[in-house]
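Fit chain B to the given chain A structure using the hints.
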Amino acid sequence: MAQLTDQEILAALKNSETRDKGFTILMDKYKERIYWYIRRLVVLHEDAEDVLQETFINAYRYAASFNGQSNIYTWLYKIATNECIALFRRNKKSTVKLVEISSKLVNELQDSSIGNVESALADFHAAILQLPEKQRIAFNLRYLDDLSYEEMEEIVGLSANTLKTNYHYAKDKIKTYLNKI
Amino acid sequence: MEKEFEKFRNHNPYKVPDGFFGNITKQTLEKARQRERLSKIRKMRILFSAAASVIILVAVGSVFFNQTKKGAETALVQPVTEEMIFEDIQPEEIFMTDPVEISENEILETEPTENVPGNVSENLLDNLIAGLSDEDLQQLEAVIQEELLITEFLND
Numbered sequence: 000m001a002q003l004t005d006q007e008i009l010a011a012l013k014n015s016e017t018r019d020k021g022f023t024i025l026m027d028k029y030k031e032r033i034y035w036y037i038r039r040l041v042v043l044h045e046d047a048e049d050v051l052q053e054t055f056i057n058a059y060r061y062a063a064s065f066n067g068q069s070n071i072y073t074w075l076y077k078i079a080t081n082e083c084i085a086l087f088r089r090n091k092k093s094t095v096k097l098v099e100i101s102s103k104l105v106n107e108l109q110d111s112s113i114g115n116v117e118s119a120l121a122d123f124h125a126a127i128l129q130l131p132e133k134q135r136i137a138f139n140l141r142y143l144d145d146l147s148y149e150e151m152e153e154i155v156g157l158s159a160n161t162l163k164t165n166y167h168y169a170k171d172k173i174k175t176y177l178n179k180i
Numbered sequence: 000m001e002k003e004f005e006k007f008r009n010h011n012p013y014k015v016p017d018g019f020f021g022n023i024t025k026q027t028l029e030k031a032r033q034r035e036r037l038s039k040i041r042k043m044r045i046l047f048s049a050a051a052s053v054i055i056l057v058a059v060g061s062v063f064f065n066q067t068k069k070g071a072e073t074a075l076v077q078p079v080t081e082e083m084i085f086e087d088i089q090p091e092e093i094f095m096t097d098p099v100e101i102s103e104n105e106i107l108e109t110e111p112t113e114n115v116p117g118n119v120s121e122n123l124l125d126n127l128i129a130g131l132s133d134e135d136l137q138q139l140e141a142v143i144q145e146e147l148l149i150t151e152f153l154n155d
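These protein sequences, in sequence, are chains A and B.
Reading the first sequence from the start, the letters are residues 0 to 180 in numbering that gives the first Met the number 0.
Reading the second sequence from the start, the letters are residues 0 to 155 in numbering that gives the first Met the number 0.
Worth flagging that the hints you see were computed from the coordinates, not collected in a lab.
Errors might be hidden in some of the hints.
Taking lysine-lysine and the BS3-like style, the derived pairs with C-alpha atoms no more than 27 angstroms apart in a straight line are [stated by the list, open to error]:
1. B:Lys25 to A:Lys28
2. A:Lys163 to B:Lys6
3. B:Lys30 to B:Lys42
4. A:Lys13 to B:Lys6
5. A:Lys174 to B:Lys14
6. B:Lys6 to A:Lys133
7. A:Lys77 to A:Lys133
8. A:Lys30 to B:Lys25
9. B:Lys39 to A:Lys170
10. B:Lys6 to A:Lys179
11. B:Lys30 to A:Lys172
12. A:Lys20 to B:Lys30
13. A:Lys20 to B:Lys39
14. A:Lys77 to B:Lys25
15. B:Lys25 to A:Lys20
16. A:Lys13 to B:Lys42
17. A:Lys174 to B:Lys6
18. B:Lys14 to A:Lys28
19. B:Lys6 to A:Lys30
20. A:Lys179 to A:Lys163
21. B:Lys6 to A:Lys170
22. A:Lys77 to A:Lys179
23. A:Lys30 to A:Lys13
24. B:Lys14 to A:Lys77
The structure displayed is predicted, hence computed values, not measured ones.
So that you can see chain B by itself, here it is in the shape it has in the complex:
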C-alpha cells in the first residue's frame, strides 16, 4: 500500500507566491521584535500602574491620618460653646432669664456656615491638597507624567 503512495511523497499540489521564502525571514524577525517591544511596554505599564496606586493610597491614607489626628487635637483644646453651656444649665434656670427676641431679618442676614452640604466636597478637596507634602505632590506629578508618556508612546 505504501508503495502506492510513494509516487506522491515528494510532490506537492500547492503553489507558493514568487519570492515568498526570500522575504519571510526578515518580515517575521521584524514582527518578533515588535511583539517583544509591546510586551515590555505592557509589563512596564502594569508596574507603573501598581506603583502609582500604592503611592496614591499612601498619600490619601496619610492625609486622612493627619486630619484625624488634627481633629482629635482640636477637640482637646476646643473652646466652650453656647450649646455646651446650655447642657449644664438646669431647665428652671432658663426660665429665670429674659427671653431674647430675634427678628426675621436677623435670621435671614445670617451668613452660611462652612458645614452647608454644597461646600463639603470643595472643602474636602482643599483639605486633601493642603494635606499633601511637597514630596507627595512631586511623586504624584511624576506618576502622572509617566502615564502620559506611556499613553503617548502607545498612541504613536
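Isolated chain A (complex conformation):
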C-alpha cells in the first residue's frame, strides 16, 4: 500500500468512518519522532508515555477543528509542547522551583543512562536540562528536531526573533556548562 500523504491522513481522521484507521496511520508515522521530542524534555519514560498518549488523544478528539493550514507534524509538536509545559507546571506546584526540577531531571538522566553510553553524551543532555524552559524547547526544536524558525513560531507561539535569541542563549549556556566539567 502506498504511503498516505499528511493531507490524506488528516482527511481520513476527519471522516467518522475512517477515523480509527486514519489515527493509526498518523500515530504510526509520527509516534517515534514526537516521543523523542517529549522524552528529551521530560526525561522520565513514564512521563513521556503519558504526554505522548495525551498528545495523540487530543489529535483524535480535535482533528475536526484543525484547519490544515500548517503541517500536521507541527500541529502534533504544538500539542506535545503544551502538554509538556502543563506537566512542568504540575511539577512546579509540587516541587516549587524550576531549578529544582531541572536538577532532579539531571539526576534522573544520570541514573537512567546505561553504562556504555558516552559520558560526554550524558553531559550534553544534562546541559540541555539546565536550561530555562523556553530555551530548552527552542534548542530541542531547532537543533535536535531540525525544525525551521517558521515552524517553531507555529509550535511555540513566539516570534522568530525571540526564538533565535532563545536558541543562541541556549547554545552559549550549553557551551559554558560543558567547559566547566
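Here is chain B on its own, set in the frame of chain A:
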C-alpha cells in the same frame, strides 16, 4: 561550536522498554475512544438533567397555578361561616342572646382540624401528586428512569 555538538545530534542517552512502540498505538486508540464515549455520556447527562429540571419546574408550576385558581374559585362560592355572621353583628346584639355554656369534656372531644401544623406537609404532598396529570406523571417517570440508566451505565 555547533560542530562540537554534531556528534551528539543523532545519539540518545535514553532507553525505551522493549515493545513500547509496537503497543502504544493500539493502547492510545483505545483510550481515545473511551475518552470520546465518556465525553458523550457527560454531554447527554447534562442535557437530560436540564430537560428534567425544566419538566419538574413546569409540573410544579402548573400544580401551584391550578391550586391558586381552585382556591380563588372556592373563595367565590364559600358558604357563610359563623365568624362572618359575628362580624356583622353589633356588640349590643351579642349581649341580648343567652350565653351558651360549653363543658371542658366537649372541648377535649373536638376532632383536630386539617390545619393542624403537623398535617400541613403531608397534605401539600398529597395535593401536589393529586394535581399532576397522567401526562406529567409519565414524563416524571421517564426522567427518573433515564437518570437511573445513566447512573447504572457510569457505575458499570
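Structure-based check of each hint:
1. For the hint linking B:Lys25 to A:Lys28, the alpha-carbon distance of about 14 angstroms falls within 27 angstroms, and the restraint holds.
2. Only pairs whose Cα atoms come within 27 angstroms are accepted, and A:Lys163 paired with B:Lys6 is accepted, the gap being roughly 22 angstroms.
3. Between B:Lys30 and B:Lys42 the CA atoms are separated by roughly 18 angstroms; this keeps the pair inside 27 angstroms, and the hint holds.
4. Of the supplied pair hints, the one linking A:Lys13 and B:Lys6 is violated, its CA atoms being roughly 41 angstroms apart against a limit of 27 angstroms.
5. Between A:Lys174 and B:Lys14 the alpha-carbon distance is near 25 angstroms, which keeps this suggested pair within the 27 angstroms criterion.
6. For the hint pairing B:Lys6 with A:Lys133, the CA-to-CA distance comes to about 24 angstroms; that is within 27 angstroms, so the pair holds.
7. The suggested pairing of A:Lys77 with A:Lys133 holds, with an alpha-carbon distance near 13 angstroms, which does not exceed 27 angstroms.
8. For the given pair, A:Lys30 sits about 12 angstroms from B:Lys25 by alpha-carbon distance, which is consistent with the 27 angstroms threshold.
9. Between B:Lys39 and A:Lys170, the direct Cα distance comes to roughly 47 angstroms. Violation of the 27 angstroms bound is thereby established for this hinted pair.
10. At most 27 angstroms may separate the alpha-carbon atoms for a hinted pair to count; B:Lys6 and A:Lys179 meet this at roughly 19 angstroms.
11. Between B:Lys30 and A:Lys172 the CA atoms are separated by roughly 40 angstroms; this puts the pair beyond 27 angstroms, and the hint is violated.
12. Only pairs whose Cα atoms come within 27 angstroms are accepted, and A:Lys20 paired with B:Lys30 is accepted, the gap being roughly 15 angstroms.
13. Pair hint A:Lys20 plus B:Lys39 holds up; C-alpha atoms about 21 angstroms apart against a cutoff of 27 angstroms.
14. Using a Cα cut-off of 27 angstroms, the hinted pair A:Lys77 and B:Lys25 holds, with the two alpha carbons roughly 23 angstroms apart.
15. Taken as a hint, the B:Lys25 and A:Lys20 pair is honoured in the structure, with Cα atoms around 11 angstroms apart against an allowance of 27 angstroms.
16. Using a Cα cut-off of 27 angstroms, the hinted pair A:Lys13 and B:Lys42 holds, with the two alpha carbons roughly 21 angstroms apart.
17. Our distance criterion of 27 angstroms between C-alpha atoms is met by A:Lys174 and B:Lys6, whose separation comes to about 14 angstroms.
18. For a cut-off of 27 angstroms, the pair hint linking B:Lys14 to A:Lys28 stands: about 20 angstroms separates their Cα positions.
19. Only pairs whose Cα atoms come within 27 angstroms are accepted, and B:Lys6 paired with A:Lys30 is accepted, the gap being roughly 24 angstroms.
20. For a cut-off of 27 angstroms, the pair hint linking A:Lys179 to A:Lys163 stands: about 25 angstroms separates their Cα positions.
21. Taking the CA atoms of B:Lys6 and A:Lys170, the gap is near 15 angstroms; set against the 27 angstroms cutoff, the hint holds.
22. Taken as a hint, the A:Lys77 and A:Lys179 pair is broken in the structure, with Cα atoms around 34 angstroms apart against an allowance of 27 angstroms.
23. Distance hint between A:Lys30 and A:Lys13 is fulfilled; the C-alpha atoms sit about 19 angstroms from each other, no more than 27 angstroms.
24. Of the supplied pair hints, the one linking B:Lys14 and A:Lys77 holds, its CA atoms being roughly 24 angstroms apart against a limit of 27 angstroms.
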